[in-house]
Structures are given as C-alpha cells and as structure tokens.
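> Here's the letter readout for the chains.
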Amino acid sequence: MSELNSMSNQAPESPERRRFVGAATAAAGLAIAPGVMLYQVAHGRPDDQPASSAVRWGMLVDSTKCATGCNDCVSACSTENGWTPVAESEHPRQAPQWIRKLELEDPLTQRETNLPMMCQHCAEPPCVDVCPTGASFKRADGIVLVNRHTCIGCRYCMMACPYKARSLVHEPLNDTQKPDVPRGMGCVEACTFCVQKVDRGDGNTACAEACTAAGHNALLFGDMNDPESEISRRLRELPTKQVRADLNLNLGVRYHGI
Amino acid sequence: MAGKIKSLLALGAVVLTTAALAWAGADAPAQANGAPKPVITKAVKGEQCVEDTDFMRRNHMKLLNHQRDKTVIEGVRTKKHSLKECIECHASEKTGSVAAAKDDFCVSCHSYAAVKIDCFECHSTKPQGPMSMHPLNAETAHYKHKLAARTTSEASAEEMAGVAQ
Amino acid sequence: MASITFREVEGSSLKYWLLFGFLGLFVLFGALAWNYMHHYGHVVTGMDNQIVWGLPHVFAVFLIVAASGALNVASIASVFNKPMYKPLAPLSAILALALMLGGLLVLVLDLGRSDRLIVAMTHFNFKSMFTWNVFLYSGFFGLVGVYLWTMLDRSVKSWSKAAGTAAFIWRLILTTGTGSLFGFLIARELYGTAMLAPMFIIMSFAYGLAIYLMVLVAAYAWTGRTLGDAVMTRLKTLLVVFVAAVLYFVVVHHMTNLYFAKYQAVEAFILRDGGLFTTLFWVGQIIIGCVAPLVILLSGLGKQRAWIMIACALVIVGGVAQMYVTIIGAQAFPLDMFPGLTEQSSFFDGEVHGYMPSVPELFLGLGGVAIALLATTFAVKVLRLLPVSLDDATVAKLEH
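Protein chains in written order, with our numbering: chain A, 1 to 258; chain B, 1 to 165; chain C, 1 to 400.
A hint or two may mislead.
No more than 30 Å apart at the CA atoms, straight line, and that leaves these computed lysine-lysine pairs for DSS-like [claimed, not checked]:
(1) K84(B) x K62(B)
(2) K138(A) x K42(B)
(3) K161(C) x K241(A)
Which bits of chain C does chain A cover? Going by a derived footprint, with three or more residues having C-beta under 8 Å, they are [to be verified]:
(4) 49-58
(5) 101-114
(6) 120-128
(7) 180-186
(8) 323-337
No wet-lab data here; the hints were simulated from the structure. Computed from a prediction, not measured in an experiment: that's the story for all the values here. Glycine included, each C-beta is placed from N, C-alpha and C at the ideal position.
Extracted from the complex, chain A is given alone in its bound form (with noise of 0.2 Å):
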C-alpha cells in the first residue's frame, strides 16, 4: 500500500520511460504467447470453457511393454475413481469394473498377449445410440460418459457395448464416493478417461501415470486429433488395431501388439 502511495505521489513519467515500458510489455507479450498455448495444451482449458471437439482423447496401449501380473493400472483406476478392488469387494461377481487386465493366449502358437480393457470411447458408441434417455452420450472431446442424472439402470448399453466396458453399481455405496466421482446404485459407469483429472488439466490419466511409474510406459495418453502431440507421434511410428475393427466404431483406445 505505502509502496502505490509513494508512487502516486511520484511526478509524472517522461514519455521516455512510457515507451519503454509499453515495448518491454509487447516484448513480453510476444515472449510469453507460446509459453501461455503451451501453458493451455498442458493444463487444459480454463474451467468455464466446454470440453472442445477440436480434442480426442485417445490411448495407445503397447501390450508388447504390458506386464503379465502387473495390475497397477487397474489398482490406480479404482483409487483415483472410488471403485472396490475386485478382490476387497464383498459380491466380486457383480463388482464393478472399470479396467481389468487380459490375458490371451493363442492356442496355436502359445503367444501371451497382456493388455488392459476398458471403455474403448467409440467414435461411434452402440452404447449412445441405444440409450433411451441419452443419458448415455459422447462429450465433444470423445469421451464417453454416462449422465448419472437421467441414466434410469436399464442396462441396454451393456447389452449394446462389444467389450464388456461397462458395470452396473449393483449395491448401496454408502456416500463411499470421491468427490470428483459420483457414482451410485442402479446407475451404469464405465471408464470416464478419468474426465476430473483432464478438466483439471492433467493431461493424463491414473492408468497411465501408474503404468508410467512403474516403468513399463504401456500406456499413453493424449489428444489424438494433435498431430504434434506425443500419442499422435506414437500413432503414426508404431502398428496398432482397433478391438473389433470389423464394427467400425473407430475406437479412442488402440492397440499395439495384438
């Protein structure tokens, strides 16, 4: 305060001093610019922005670099998004999953395969076109949702869903639930792309940075539409299918080594 008043009462500037200050702003102006896109592609976009369909979210799993045992990605799903580990729930049967690791084998040849399998957030979701309410639907950024508000449990997503992605919370959940995560019986849920952290600007999800932190860096994630961005590098160098490729939904999860 003493400061702005011993400014006030200061002389007027030279016109001198007003020019500099002007171009030294400009100048940081023009140093700053990228650094603020930069700033805005890490971070994501400001809170009062909606999602922009200038974005795909998308991963790129390299089950070649998938460790067979390795559950980390799933652990970090459920602590991140407030589900019960299969092996603490009390009805594992009807437990929700919202990632769950693979294992396949051919039976000819004897080759494993790892990998994780969740919600493949579909271009073209079955499961959109056949909810009734719309409650489930796409954000524009391509990540598939469910509405918890209109979603009435009747559960013809997951008849319509080819890969199992989705769960019905089958039991009370006693306000259990994170606060960034709601989440409650009689609705249906499935891998979100963890939507609080890419709002927030994380730019990445719990499955991904577990399986960064361990060390096998299987899983990445990323704006699929940014020919720049890492995932899109990644995309472009290595081979991968789309699961079910044949039903043309043009998938948001890939696969390298299947």
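Go by the hints and put chains B and C onto chain A.
Relative to the frame of chain A, chains B and C by itself:
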C-alpha cells in the same frame, strides 16, 4: 411439456403437503410448535455465499440443475455454482458432511421442507480429502489463502479510491 | 347376421374371489420382490455385469410379445372381416391390454433406478429402439383402448373397423420394435439380425393365441357358459399354423448362423454344449414349445378340449423357454473380442457366464403374470366382454 409436467407435479406436491400439514396439525395438537425448525449452521468457510442468502434459499436447485448439465455434458467446471463447492463450505464441523446427520446443512432443511433429494445417492456428502476441515489442511490453507487474497485486493481498491479523492 | 349378447360375469361366487385373492397374492409377492430389489439393489438378484438382463426380462418380453399376439383374434374379426371371430374380439383386446400392462410393469420395476421412470418419459433419444418402444407401448394402450371402446359402445360402433385396423398395424410395428430391441444390437452374435423382428411377430401370434385360448376356455368353464367346438376347432387350427411358423423361423435362423464360420461357436453353444441352455432349447423351445403341441393338435388328441389346453400350456412353457434362451443364452456366451485367442480376466472374459435366478426375480416376473390375469379377471366382471353363449348354433348363425 416437461416444464408443464414439472409445474403440475409441483402444484400437486404443494397441495398434498398443505393437506398433510393440516392433517398432521389437526391430529397432533400436543406439538404446538409444529415440526422442529431446521438447524441452519453458518458455513464453516467463507463469509458470504456465492449469491444472496435469500436468493440461494429459493433458487439453489435451479443453479445446481443448470450447473450439473453444464458440467456433466459440456465439461464446464466453474466453481461458483458447483455442488462440490457448496459442500466445501457447508459441510458440518462435527460430521464433515452436508448430509450425514439430521442437523447437517442439506438434510436439515430438506427434511423440514419434506423435499426428497437424490443428490447424495451418487455424490459424496463430504469435501475432498478426509482432513479437509482441519485448518492446516493443504486444501483449506489454499482456500484461506485465496480468500485472504480477495479481501486484501478489495480493501486495497477502497483505499485507492480514498487516495484518489 | 345374428346378434350376440355380451354380459359381464357374475363374479360373486366364492370361486371368483378365491381366484381374485390368489392372483392378488402373487401381485403382492411381486410388489414385495420389487421393494426388496429396489432397496438392496441388484446385488440380491442373480444378475451381474455379464448377465445384465435376467429372469424379469424373460417374463417382461414374453408378456409384451404375447400381449400383441393376444390381439390377433380381434384383428381377424375386424381387419379380415371374419364374423365368427367378432364375439371373441372384446376378450382379445382386454387380454392384450392386460398382458401389456403386466409385461411393462415387470420391465419398469427391474430398472436399476425404477424410481426415475419419469426420466424415461421426459428424456428421449430417438436413435434408441427402447425410446421407440416407449411410444409403441403407450400407443398400443391408446389404440387398443379406443378399439375396445368401439366394440363396447354402440354409438361409436361404426369406427370399429378403422380402430381395429389401426391397432392391428400398430401391433405389428410394436412387435417389430420388441424384436428389434435385440435385432439392433451389434455386440452379441445371436442378436444383430433382421430375422428377430418377423420371428418375434410370429412368436407373438402363437404365444398370444395360446394364452387367449386358455383364458377363454377357463372363463367359459368357470362361469358355466357354453363354448362350442366350432370356435375351438377354428382357433386350434390357427394355433397349428402359428406354431409351425415359429418352428420354421427358428430353424431358418439357426441354419443361417451355422453356415457362417464366425457364428459356429455360439451355435455350438446353444445347440450342443450349452448345458442348461441347450436343454432349454431342444427340450423347452423345440419339443415342448413346437413339436409336442403340433403332434397333439394335428393328431386325434386335438379333438379333445383337455388336450388342446395341454397343447396351449406347452406352447406357453416353450415360449418362456425360448425367451430364456434368446435373452439369457445369448448373454451367457462370452463376447469374442479377440477371435482365435483364448481370453482370461477377473471380469469373466472368455468363459461362459453362469446365471442363477433369485427368488425375488422369479416373484417379480410372476407378479407381472398375476397382474395381467388379475386385470382380465376384473375386466370380465365389470365390462361386457364375454358372449353369453358361444355354442355351435350361435356361432354358425354368424357365418351367414
């Protein structure tokens, strides 16, 4: 159409509630003061709600409904009218929740008004972090710092005005 | 053309009230089952994240399919101008409404959030077959209701044919919609085919008529009214055609699938290796539901009323078995996400999913059946739905 149905439902609810209250009143003269008044605890954090108290009492549901669609469908995450922020401030000091005990902020009024809400069938009734009510908690500290910053800036603006005169 | 006298059933006997109470008891059980499931969640059912539609859907879809089929007798009278069927039409319409009510209640009460029915009535996604069905079901109530009105009220009788035709077309679209609930699903091998729509229509003809016949015979026997053999023979012959057509569709469906290598695993599951589902298919759907009724109805046994009733009951039992195989069997077979590879996971990938229906599910389903029959029992008491006599002489007069 939906609006019409809603207003019809609302009308029905009002009529039924009035009838029920009249009936209850007639039937239980011992309870001269009627149902126990809701306990409205002042928010633990902050001085003033995001809107006027009177406005909030009448319209919080409209704000929340509007915000929920913006957030879920579009991904707009502004804090001002978000349920999560309501809970941040209004969670009770005792239970750490807005709906765990019958005196907690949301439940207290809603049971008095006999308006059933299903928010907390899916939403957590507690603020983020188990110790968030603790003054030394990072979350709270962060919030206090923000509040402090706002107060300071407002005060300084006033002083500036004073100086200008 | 001779006129027919319709009269309410007396409905004051002890037997009537016993029937009423018996059905009411099952409605109560159904309500309790719903309350239990709604309170504790679907965790108390046999359903899980693999078998997401269970026994309640078997009952619900069966009742809805049978509902549209029960209207057929009325349609034959009004749309195809067969005077002999005219006296049978009002019961046909009320049974259609009652079965639809029962089926819809089961469907709706099995929702994860059955308390949010209003959401289903105010939020629509018109790409969803379910949404279409919401309108088809409501329209069915409206059209059949109007149709029933034109049959019961002489002042609007001239509209009967128009209303009957509208209801007939509507019910065909409705069953197309019901079949397409499954036909429009890409994920599972046994669904995702246009076959399901016409197959469900022909199944509705058979199931609806079988239920209609049983209710008709019971109503006449229990009220001491005369029901001649002329009516029975006509309806019996019709049932033969419908059941044979069902068998035809089922054979064509599975034969087509067997031709495609990608469907051979799932066909092997249903036809050979599926345990309970294989048994239900061969014994329930094919033998009990199709072959045995055909043998009974086409042989000399079909001349005896008791045997016709047995054939009808078999068609109904076979129909429930068919729904079980169609709805649950198709879900029990694992999704083939990686063709040619074996899959294993904590989510039961790559293995056949077990399903053991729980008691509340069964009672919820039976509650739907009970409410349909209860509504019919009540309707014949308060409305003039049943002709006083359907003896051969009365019926013969109609034909001229």
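> At a Cβ distance under 8 Å, does chain A reach at least three residues of the stretch 120-128 of chain C?
holds (count 6)
> Tell me whether the statement that chain A covers the stretch 49-58 of chain C is true, taking a Cβ distance below 8 Å and needing three residues at minimum.
With 4 residues closer than 8 Å to chain A, the stretch 49-58 of chain C meets the three-residue bar; holds.
> Confirm or reject the coverage of the stretch 180-186 of chain C by chain A under the rule of 3 or more residues with a beta carbon closer than 8 Å to the chain's beta carbons.
Holds, because 4 residues of the stretch 180-186 of chain C bring their Cβ atoms closer than 8 Å to Cβ atoms of chain A.
> Given the hint that K161(C) pairs with K241(A), does the C-alpha gap stay at or below 30 Å?
Violated, because 58 Å separates the two Cα atoms, which is more than 30 Å.
> With a Cβ-Cβ cutoff of 8 Å, does the stretch 323-337 of chain C contain at least three residues near chain A?
holds (count 3)
> Would you check the hint for K84(B) and K62(B), treating anything up to 30 Å between C-alpha atoms as holding?
holds (15 Å)
> Does K138(A) pair with K42(B) here, judged by a C-alpha cut-off of 30 Å?
violated (40 Å)
> Check whether three or more residues of the stretch 101-114 of chain C sit with their beta carbon closer than 8 Å to a beta carbon of chain A.
holds (count 4)
Hints 2 and 3 from the list above are not met by this structure, while the remaining hints are.
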